[in-house]
Amino acid sequence: MAFKSPEGFLLGLLLLGAGGLLLWLLERAGRRRLLSALDPAFLPGPKPLPLPFLLAPLFLLLAAGRLEASLPWRENLTQALLVVDTSHSMAADDEAPTRLERAKALAENFLRGLDPSVKVGLVSFGPQAVLVLSPTRDRQALLKALQGLKPGGATPLGQGLLQARRILRPKGPEGDLPRAKPPAAILLLSDGAANAGGDPLEAAKELSRAGLPVFVRPLGDPRGAVSRIGEGLYFVPTNPTSLLRLAQATGGQVLGEDFQPLYRALRPYRVWRTQTLDLTQALVVAGLLSFSFGAYLNLAREGRWP
Amino acid sequence: MAVSLQAPEALSLLLLLAFLLLGLYPRRPKARLPHPLVSLLQQAARESRSVLPWLPPALFLLGLLLLVLAAARPLLPLPGQASRNVVILVMDVSRSMMAADLKPNRLEAAKEAARVFLREAPRALRIGLVVFGSHAQTIHPPTTDRRRLRESLDSLEFGRSTAIGEGILEALRNIREAGGEGEILLLTDGRNRTGKDPLEAAAEASRMGVRIYAVGVGVPGWTPGPEDPVSAFGFFPGAFEVDEELLWALAEFTGGRYYLVASEKELSDLYRKLARSVRPEVMPGEATGLLGVLGGFLALLGVALRRYLSPA
Chain A
137 MAFKSPEGFL
147 LGLLLLGAGG
157 LLLWLLERAG
167 RRRLLSALDP
177 AFLPGPKPLP
187 LPFLLAPLFL
197 LLAAGRLEAS
207 LPWRENLTQA
217 LLVVDTSHSM
227 AADDEAPTRL
237 ERAKALAENF
247 LRGLDPSVKV
257 GLVSFGPQAV
267 LVLSPTRDRQ
277 ALLKALQGLK
287 PGGATPLGQG
297 LLQARRILRP
307 KGPEGDLPRA
317 KPPAAILLLS
327 DGAANAGGDP
337 LEAAKELSRA
347 GLPVFVRPLG
357 DPRGAVSRIG
367 EGLYFVPTNP
377 TSLLRLAQAT
387 GGQVLGEDFQ
397 PLYRALRPYR
407 VWRTQTLDLT
417 QALVVAGLLS
427 FSFGAYLNLA
437 REGRWP
Chain B
84 MAVSLQAPEA
94 LSLLLLLAFL
104 LLGLYPRRPK
114 ARLPHPLVSL
124 LQQAARESRS
134 VLPWLPPALF
144 LLGLLLLVLA
154 AARPLLPLPG
164 QASRNVVILV
174 MDVSRSMMAA
184 DLKPNRLEAA
194 KEAARVFLRE
204 APRALRIGLV
214 VFGSHAQTIH
224 PPTTDRRRLR
234 ESLDSLEFGR
244 STAIGEGILE
254 ALRNIREAGG
264 EGEILLLTDG
274 RNRTGKDPLE
284 AAAEASRMGV
294 RIYAVGVGVP
304 GWTPGPEDPV
314 SAFGFFPGAF
324 EVDEELLWAL
334 AEFTGGRYYL
344 VASEKELSDL
354 YRKLARSVRP
364 EVMPGEATGL
374 LGVLGGFLAL
384 LGVALRRYLS
394 PA
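Here the protein sequences come in this chain order: A and B. The numbering used here applies: residue 137 is where the first sequence begins, and numbers increase by one. The numbering used here applies: residue 84 is where the second sequence begins, and numbers increase by one.
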């Protein structure tokens, strides 16, 4: 149990405290108003405030402090990793507008159709194979990281795949029994022309041992293209065959426009886990429900809302 | 102003409000009751036909609407704290960083220094990450998200050549995009081998008023290479030596300072100093708690007004 934003809690205390004070003052003023109009003998007894109205501000106060608590919760352990080629060849314009932009658009399409409880991360390679975003459910952050990718440098495809393996199947302490592996898959968006960082097929062997299928979406003209990059015209090769073999060696597939096979590979795998949950939304809903219940009570008793 | 909802499905709670609103619909009286004070009651009814009796339910409804909006987890531009300047962490991942004069190797030592920097730097400081081997690559534009930076840092591997100038230029581009004020924290072993001349890049930096704090990763003096630790001839004699001269020149040129990675105390002083001034800034943040409190306040106000206007 901890407050993620103590200043929010203070602000809530201030505002809701002011509300409570106002309530008390106006209640007394109303009582006095009644007293001035009626004989004390005819004065009805004071009516207590419905309990839900008192409960709701408490929930909202906790919500304002962004309460976090570790609770057991069903968590989906399925993970996916976008491995995006950011080498120089991705600047070629044989896909409109460029191969890299096309890759970004494809990745966005993929995310749109994906189960929101699946964690997705981002690895880019070229010139460095680096983890840009570790697997997360925060799609906004992922899209932003994706937009920030720029082409440049060599293509260490193998290293990119090994990075992906390291993230999706981290090496833990060896156990006696093989542990259950939650489903995980890699979506590789590349033109396939690797020129640095080891043989991708060697990496593929390791991936298939770790049970990580690589789903490939080849980019660029399969014959290669002549493209204007910067000042000069360059021949930009592609290598769809190597991508096909990569997919075959790891049990993945070559995808077209349709990501269905990949979605099938990313089937949910839910386990009970104790984890820190942000209770803000739940508390706000609790506050809303309890205000509504108070309103309902008043409606039933007196035919009016608050 | 664009409001984006992170949980739009929560808007279905509006249905609940609709049901409650339905309850307010005035029912037709079932039968007429004779009353001795009809004229008095009519007068009271006429008096209550002003706007005032509608104010409490309206306020209450507004409060509940805000609560529903809050439950949908909207992202709103909220005031926050951010430093005016940014610091770009420029990491060398060239092959010469494999040298084992620092344990286990220079790259790991540089990563450790960077990790300490992420830990020590003030929270509001925006930090970017640029790595360079033969090319420079921006991995993260300036951000305050330390976890993301740390994870990317941990995943760095060796690249090929060394292009310090390119790294500095890439960092300058990032600083320009982030508002033009900032510093560069350069973690390298020197020995430029390709790309733009680092001193030209430093001239560009000093024109922009960007200081370079250069951290020499390595032990000064002759260093054995990783492939051949005995005779230790690299690409050329002394290939793995730390180029202190170049790093010192880069720092002097721009008004920064040169440190050795081993001088931990001076470095942590520097880390704390780097955030110069903190300014308030508007950043998109989740406004769930804030809107919730506001909605709760309005609803309470509605209840209070009702208790005042019709106390019985």
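These are calculated hints, taken from the structure and not from any lab test. One or more hints might be untrue.
With a cut-off of at most 30 Å between alpha-carbon atoms, the simulated DSSO-like pairs for lysine-lysine come out as follows [stated by the list, open to error]:
(1) K113(B) - K183(A)
(2) K240(A) - K140(A)
(3) K279(B) - K286(A)
Status of the hints after comparison with the structure:
Of the pairs offered as hints, the one joining K113(B) and K183(A) holds, with about 28 Å between alpha carbons and a cut-off of 30 Å not exceeded. A threshold of 30 Å between alpha carbons decides the hint, and for K240(A) with K140(A) the separation of about 34 Å lies outside it, so the pair is violated. This hinted pair checks out: K279(B) and K286(A) have alpha carbons roughly 20 Å apart, not beyond 30 Å.
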